[in-house]
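K.L.:
Sequence:
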Amino acid sequence: MKSAKEKTNVMRLLDAKKTPYESHCYLDSGAISGEEVARALGEDPARVFKTLVTLGASGAHYVFVVPVDRELDLKKAAKVAGEKSVAMLKAKELLPLTGYVHGGCSPIGMKKPFPTFFDASARNFEKICFSAGKIGYQVELAPADLEGALRFSWSDLVKD
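Residue numbers 4 to 163, in the numbering used here, belong to the letters of the sequence shown in order.
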C-alpha cells in the first residue's frame, strides 16, 4: 500500500483539525469497485467504507457510510434519517451537490454538511479506510478520531 503523495481537500481538513490519519494511493492498481480498492490496499473489505448520498422523501439529502462489501438497507437508512423513504442520488447529481465525483466521494469536506451516518460495524476496527475525496486516494483513521473531525451518528445501516 502506497502512501499518498498528493494532499486532497479531505487530508487538508483532517490536518486543520489535527486529526491523525494515514493516506493511501491506489492509482496504479486499476481498482474501480470498493472491493477492488480494498484488495489494492491489502485490506479486509469490511474495514474499507464507501460513501453513499441519498435523497429523502422530504427532499433532504443524507450521507451513509457503509463497508464496501455490504449494501445499504434503504429502509434502515430512512428510519435513522427520520424519513418515510430514501433513494440513492443519481450519479449526475453528485458533483453539483457534494463537490465529489462518483468513486471519489468522502463524508468529509462536502460543499455543505448533510446529516451523516456511519455503519456501526466501523467501531469494531482499530482503524477504517474511506475515500480521501479523489479517485485513487483513501484515508485511514481510528473511528474515535473520526468523531472529532465530522458530525455523524452510528447506526445499523446494512442489509442482513
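Hint data in this document are derived by calculation from the structure and do not stem from the laboratory.
No residue lacks a Cβ here, since even glycine has one placed at the ideal position from N, Cα and C.
Treat the hints with care, as some may be off.
Ranges between beta-carbon positions, derived for each pair [what the hints assert, rightly or not]:
#1 91 to 114: 12 to 22 angstroms
#2 60 to 162: 34 to 44 angstroms
#3 61 to 23: 17 to 27 angstroms
#4 129 to 10: 21 to 31 angstroms
#5 39 to 87: 29 to 39 angstroms
#6 148 to 87: 33 to 43 angstroms
#7 60 to 148: 25 to 35 angstroms
#8 62 to 147: 32 to 42 angstroms
#9 18 to 114: 17 to 27 angstroms
#10 10 to 87: 15 to 25 angstroms
#11 115 to 150: 15 to 25 angstroms
#12 98 to 147: 25 to 35 angstroms
Distance condition first, Cα-Cα at most 30 angstroms in a straight line; then the derived BS3-like pairs of lysine-lysine [stated by the list, open to error]:
#13 93 to 21
#14 87 to 130
#15 115 to 162
#16 93 to 79
#17 93 to 82
#18 21 to 10
#19 115 to 95
K.L.:
Does each hint hold? Answer for all of them.
P.N.:
Going through the hints against the structure:
{"no.": "1", "hint": "91 to 114: 12 to 22 angstroms", "verdict": "holds (19 angstroms)"}
{"no.": "2", "hint": "60 to 162: 34 to 44 angstroms", "verdict": "violated (20 angstroms)"}
{"no.": "3", "hint": "61 to 23: 17 to 27 angstroms", "verdict": "violated (37 angstroms)"}
{"no.": "4", "hint": "129 to 10: 21 to 31 angstroms", "verdict": "holds (24 angstroms)"}
{"no.": "5", "hint": "39 to 87: 29 to 39 angstroms", "verdict": "holds (35 angstroms)"}
{"no.": "6", "hint": "148 to 87: 33 to 43 angstroms", "verdict": "holds (34 angstroms)"}
{"no.": "7", "hint": "60 to 148: 25 to 35 angstroms", "verdict": "holds (34 angstroms)"}
{"no.": "8", "hint": "62 to 147: 32 to 42 angstroms", "verdict": "holds (34 angstroms)"}
{"no.": "9", "hint": "18 to 114: 17 to 27 angstroms", "verdict": "holds (20 angstroms)"}
{"no.": "10", "hint": "10 to 87: 15 to 25 angstroms", "verdict": "violated (41 angstroms)"}
{"no.": "11", "hint": "115 to 150: 15 to 25 angstroms", "verdict": "holds (20 angstroms)"}
{"no.": "12", "hint": "98 to 147: 25 to 35 angstroms", "verdict": "holds (31 angstroms)"}
{"no.": "13", "hint": "93 to 21", "verdict": "violated (34 angstroms)"}
{"no.": "14", "hint": "87 to 130", "verdict": "violated (33 angstroms)"}
{"no.": "15", "hint": "115 to 162", "verdict": "holds (28 angstroms)"}
{"no.": "16", "hint": "93 to 79", "verdict": "holds (20 angstroms)"}
{"no.": "17", "hint": "93 to 82", "verdict": "holds (21 angstroms)"}
{"no.": "18", "hint": "21 to 10", "verdict": "holds (15 angstroms)"}
{"no.": "19", "hint": "115 to 95", "verdict": "holds (17 angstroms)"}
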